[in-house]
Every structure is written in C-alpha cells, then in structure tokens.
Amino acid sequence: MRVLIADDSRAMRMIVLRTLRQTSLMIDEVLEVPDALAVLAEMTDFLPDLILSDWNMPGMSGIALLELLRQNGDTTPFGFITVESSPAMRERAIDAGAAFLLVKPFDAEHLGEMISEVVADIAASNAANNAVPYWGARR
Amino acid sequence: MTSHRLPDPEDLRTLFRDLLELPSSVRKRSVASLPAGELVTARYIDDGDVLVAACVADLELAVAAGSALGLVGAQVTADALRHGEIRGPLLDHYREVANVVSSLLNGPKRPHLRLSDVVNGVPDDVVGLADSGSQRQYTVGLGPTSGRLLALIAA
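Chains as they are written, first to last, in the working numbering: chain W, 163 to 301; chain L, 71 to 225.
Source of the hints: derived by calculation from the structure; they are not laboratory data. One thing to keep in mind: the hints can contain errors.
[As the list claims (entries may be wrong)] Have a look at the derived ranges for each label pair, beta carbon to beta carbon: (1) ALA286(W) x SER202(L): 54 to 62 Å; (2) GLY191(L) x ILE256(W): 39 to 47 Å; (3) ASN218(W) x GLY154(L): 24 to 32 Å; (4) ILE256(W) x VAL120(L): 23 to 31 Å; (5) MET222(W) x ARG157(L): 24 to 32 Å; (6) LEU187(W) x GLY143(L): 26 to 34 Å.
[As the list claims (entries may be wrong)] Selected chain W positions facing chain L (in silico; Cβ < 10 Å): (7) SER171; (8) SER247; (9) ALA250.
[Claimed, not checked] Reference excerpt, derived from the structure (chain W facing chain L, CB under 10 Å, subset only): (10) ASP169; (11) ASP170; (12) SER248; (13) ALA261; (14) VAL265.
Every residue gets a Cβ at the ideal spot worked out from N, C-alpha and C, and that includes glycine.
My request is simple: use the sequences and hints to build the entire structure.
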C-alpha cells in the first residue's frame, strides 16, 4: 500500500509514519507532504492507495482538498487525522467522502483498525465488481 | 450554543501523556494569573477569526513539550532556553502541541475554535483576555520538566 501523509507539522507526519509502522498493515511506500497543494501535485506521480490528511493546514484545508478530489472524480480512500472532532465536522467529512476521521492524539491500534476497514471495503468492492484484486489496479 | 469551558486537568494530563508519550501530571493551581518570566502564547480563534481563547505557558514547558513531540536533541532545547525564546523546528513542534490542545477547547454545542498562532511572550490582546475572561492555571509535569500553563477563555 502506498500512503500519502499530509500535515503541516513535520513532527505529526513523523508520528503518523511511526504509528503506521507499528500496525500490521503492509505499507510499501509512504510520502509525506506539508500541504494540500503538494497532495494534488503528487496524485499523478505517487499514485497513493490511501491519503491521510490533517484538516487544518495553511492554504487549502484538508476538507477542501477532499472535496476537490471528489469533484474531479478521484476516489482514492481518504482519512482525516485531526484535532477536529465535533459531530458537525465529522458529518461533513463523511458527506464529502472521507473513509474515517481519527482524532489526535491517536494510537497504532486505532489507526490500524481504521485503515483495515478501508482495505476490507475496497476488497469487497473489487470482489463485487470482479475487479483486479486489491491494490492490483491503479486509477 | 453554549460557551467554551476551560480544560479539565485530567483531560490535559491524558492529552500530554498520549501525544508526547511522557509521564505527565497536571494539577490545577489555586491562583490563576499571567505567570512571570519567559512565556509562550498560543492563540485560538473562532470561525469569525475572533480571539476567544489562549494558553500561556512557561518557556521551559513549551520547549519540553515541543522537544518531546519532535524528538529534538538536548542541545536544541538548551539553546532555546539560553536564547529565551522558542523558534525554528521547536516552535513548529510546540505549535502542533498547541493545535492538539484545541481539541479540549472544542466540544458539542460549543462554537468551533482553532489554533491561530503561537508566539513568544504575551500579546496585548491576550493580556486583555486575562483581564476580562475566565482563566485557570495548571502546574504541568512532563517527564522531568515542570512548568505553569494558564488557559484563558473570553467571557
């Protein structure tokens, strides 16, 4: 799995990366970027299987990023790792197409659970559509 | 909508422990006022960009928190304390700590707040908040470091 981490805090990107490594997930490659524009720039080069993004970032916010990706037809699974935890913001995230919203601080168990659910959903969707098995196809 | 509330000491302790992976303690102090000495201020604004809350920390506490989050070396920490201000990567790391603290200021049926910035010293608008709003002071222990943290909320 190729994971793109977007957070303006370098320390938080390190923590997400470290936590990913503590999970039992198969992580092939991780790319860290500091803002939403860098995510957009990497969508065609890095081809992430999963985007983990902060909500509040300088310039474009994480939610604006997600909404823009979906408007452009990009369905890459997208999870928020953020301090934003109100029901209204959680609802807005899910409505925009987020797979999950994980509140900082978080631990490897919760992050692993969230991503595992995303992986399971994609596998089930692929099976239902007779698609190429999990992570075999690129958008 | 209800008004904001000052963070509960146990919630703060849990946040610091989980975020910084350090033995942490937080006690509410009987006196709440702007601490003397070198300070670092985090300002929080609402969705209309109005200052609503602030957290003022001893420099030593801010440096300790930033160092713990970013796994910064002892030399960088010592330099910050010698210069009397937090800056560079250490400031970035403490800004993220302050960002996570905003989760304790938000809650159901409360107006949304977010971190605006983190600055050395205490800006005038935060002094005004201290004069007019609610406040609570804590003694925070992070590993071997202990310091004061003052939380302020507009009335």
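Checklist entry - Can you name, in rising order, the numbers of the hints this structure does not satisfy? => result Of the numbered hints given earlier, the structure breaks just one, which is hint 13.
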